[in-house]
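Participant: Protein chains in written order, with UniProt numbering: chain E, 1 to 81; chain B, 1 to 81.
No lab work stands behind these hints, which were simulated from the structure alone.
One or more hints might be untrue.
Since copy identity is lost for identical chains, a pair holds within one copy or between any two.
Unchecked claim - Here are the computed lysine to aspartate or glutamate pairs in the DMTMM-like style, where the Cα-Cα straight-line distance is at most 20 Å:
1) K40 / E11
2) K40 / D19
3) K78 / D38
4) K40 / D66
Number of protein chains: 2
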Amino acid sequence: NLTAENFNVVETLRRSYEDRLETILQQGAATGDFVTADTKIATLAVIAMLTGVNTWFRSGGRLSLDQVIAQYWDMVRKTVL
Amino acid sequence: NLTAENFNVVETLRRSYEDRLETILQQGAATGDFVTADTKIATLAVIAMLTGVNTWFRSGGRLSLDQVIAQYWDMVRKTVL
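Take these sequences, add in the hints, and give me the full structure.
Facilitator: Below, the structure is given as structure tokens:
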């Protein structure tokens with residue numbers, strides 16, 4: 001478990017990268033390049049999809065890192081198109 | 001932490017729902033209804049996206065459950081189209 005101090009550090013970092021992604025999605029939605037009902041939900045969905053890779057990716061496994069990156073890039077892009 | 005026995009129970013359940021989703025994606029890919037480079041990766045991505053909801057959804061929050069379901073249905077569908 002995290003101490004209160006470290007929790008605050010981690011929480012600040014988490015909000016920072018969530019906000020950076022949400023800003024990108026908001027800008028894309030404003031220009032009509034992205035289609036998303038709610039940018040906050042899309043932000044959380046994309047981050048959850050990506051952090052999930054940590055739980056199963058193994059170097060030297062069935063797929064190369066480049067293959068995984070290519071498919072994730074395609075899936076993430078499509079969620080907001 | 002889980003005992004070895006409970007770990008096996010959970011692992012069996014996990015493989016079961018992963019396999020059920022992957023079978024759907026494989027069937028859709030075979031008929032050309034779904035487009036996905038690798039059905040296993042798509043399976044893990046969709047499950048990660050969905051289980052992420054547990055970490056932030058609160059009943060009575062900014063969005064209703066129906067709104068969240070609608071957007072997730074749209075995003076998940078688009079990842080494999």
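Participant: Compare the structure with each hint and give your call.
Facilitator: Hint by hint, here is what the structure shows:
Taking the shortest alpha-carbon separations for K40 and E11, only the intra-copy value of 16 Å comes in at or below 20 Å, while the best inter-copy value is 32 Å. Taking identical chains as interchangeable, the C-alpha atoms of K40 and D19 lie at most 20 Å apart only when both belong to the same chain, with a minimum of 9 Å there against 30 Å between chains. In this homomeric assembly, K78 and D38 come within 20 Å of each other (Cα to Cα) both inside a single copy, at 15 Å, and across copies, at 15 Å. For the identical chains of this complex, K40 and D66 are inter-copy neighbours only, at 16 Å across copies versus 28 Å inside a copy, given an alpha-carbon limit of 20 Å.
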